[in-house]
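Novice: Spelled out, the chains give:
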Amino acid sequence: MQNTMSIKEILQDYALQELEEQIIMSYDGPFSKLHDYTNERCLLEVRRHIINHYVLQHQEALLPDIIAFNDALREALRKMYDKAHEVYEANKGLGEDVEVEACCYLGNDYPALHPVQSENRQDLWGALQDSGWNLLYDSGVTHPFVLNRDAKETFDDFIGMNCPPPNWNEGLDQELTKDLHLIDAFHNLFDHTEFAITDFIYCRKFFYEIKVVITE
Amino acid sequence: MSIKEILQDYALQEIEKQIILVYNSPIDIDHSYMDEASLLRVRKNIINHYMLQRQEELLPDIIAFNDALREALRKVYDRAHDDYKNNRELGKDEPVDACCFLDGDYPALHPLQTENRQELWEALLDSGWNRQYDGVTHHPLVVNQKSKETFDEFIGMESLSANWNEGLDPELTKDLRLINAFYHLFNNTEFAITDFIYCRDFWYYGPDYCLLL
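As given, the protein sequences belong to chains A and B, one line each in that order. Using my numbering, you'd call the opening residue of the first sequence number 1 and step up by one each time. Using my numbering, you'd call the opening residue of the second sequence number 217 and step up by one each time.
Derived from the structure by calculation, the hints contain no laboratory data. Glycine residues also receive a C-beta, built at the ideal position from the N, C-alpha and C atoms. Certain hints may be false.
[As the list claims (entries may be wrong)] List time: in silico DSSO-like cross-link candidates among lysine-lysine, alpha-carbon distance up to 30 Å:
1. B:K220 <-> A:K8
2. B:K220 <-> A:K33
3. B:K260 <-> A:K8
[As the list claims (entries may be wrong)] For the chain A half of the interface with chain B, some residues (derived, Cβ under 10 Å), not all of them:
4. L19
5. I23
6. S26
7. H35
8. E40
9. I214
Can you build the whole structure from these sequences, using the hints too?
Specialist: Next comes the structure, spelled out in structure tokens:
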């Protein structure tokens, strides 16, 4: 592919489109009842390799969205962190042992900012978010946040910003991203889940789930 | 872009690497390479999409392959009839089932010759996931006392105008007289067109032996 290609053009490559159609078919196509889509996890893996291979040659073009996504993600996790404390405070007297567990997920609607907007993208988005085959996305954008009697995790501990240098930019251009302060949830999505980088950096909406476990 | 350059596309290479990886990974109770047959289908769709825009370039090999395939099936037909006759003379009146397969060696004429192509070839030849590939023909040749199938019937050429070119450019291929085994490989199996058109060697699988034709 030419270096002059836009991110959108890269993502519209014929081979990628075929892979994505197969992902949608396997996940929810007419024959999906006859087989277990989770056996076809490698479709996600291959797609991710291909997209990252191409778009990471254009990191400068991605940079504004990497930054905006990291900011939005930090903000979402901050809200979840605060809400989890509120929930814990409201419930801590209800039993011998009270534990609150909070997980944050990417919004269910396909990102409106994504350069490719076509008919089947919401279907693809639904398929990619399924932790049946996107295994490490089971607890969302990062590990669950847990609050109980003993927990003393600060917000910076939780988002991995308490260690030097606080910048989870592994796998990205080190020079270009040296001042970004990427949080470890970014690293988790980028390195551990089956999302390609362009799947999540256009996302600005998140939701969280908070679970209260009371032991009497 | 040349045929070779198209086949070296990064996305295709990634898919092919994954095919080799999946094929060689140990089978466990919950998972086998056969569960990932869609990798073969995606690869075929991608290659054929690009290649069918280049049919003129492929034409010489389509023709040469069709000729070699017809020739191989002719030998299969004759040999199966001989085997049946010989068995009868030995007092064994059993039907003879015969099949023809592409050679297990990666085609020497293929424009891509790299280290992992033999491994890919073996993965593609496996009927565990290339499910319709149980030989180059749709069904085996069966020779028994009642069989009257002529060679032309066996290869689907009993009509003078027969040409199994569905899916190819009808104008460009109108005089090719492609046989039904070509159609089977192209349309029914998970081979991309460039997998088989460079192949010139075939195997005969008879009742109790096989040999290179």
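Novice: Holds or violated: B:K220 and A:K8, Cα atoms, limit 30 Å.
Specialist: Holds, at roughly 26 Å.
Novice: Hey, does the A:E40 contact hint survive, CB to chain B under 10 Å?
Specialist: holds (6 Å)
Novice: Checking hints one by one. Is A:S26 an interface residue toward chain B, by the C-beta closer than 10 Å rule?
Specialist: With a minimum Cβ separation of about 6 Å from chain B (threshold 10 Å), the hint on A:S26 holds.
Novice: So, as I understand it, the hint says A:I214 touches chain B; can you test that by seeing if any CB pair is closer than 10 Å?
Specialist: violated (36 Å)
Novice: Given A:L19 was flagged as interface, is its beta-carbon under 10 Å from a beta-carbon of chain B?
Specialist: holds (6 Å)
Novice: Report holds or violated for the interface hint on A:H35, using the least CB-CB distance to chain B and a cut-off of 10 Å.
Specialist: holds (7 Å)
Novice: Holds or violated: is the Cβ of A:I23 closer than 10 Å to a Cβ in chain B?
Specialist: Cβ of A:I23 sits 9 Å from chain B, so the hint holds.
Novice: Does B:K260 pair with A:K8 here, judged by a C-alpha cut-off of 30 Å?
Specialist: Judged against 30 Å, a Cα distance of about 24 Å means the pair holds.
Novice: Is it true that the CA of B:K220 sits at most 30 Å from the CA of A:K33?
Specialist: Distance of about 38 Å is beyond 30 Å: violated.
Of the numbered hints listed earlier, those contradicted by the structure are 2, 9.
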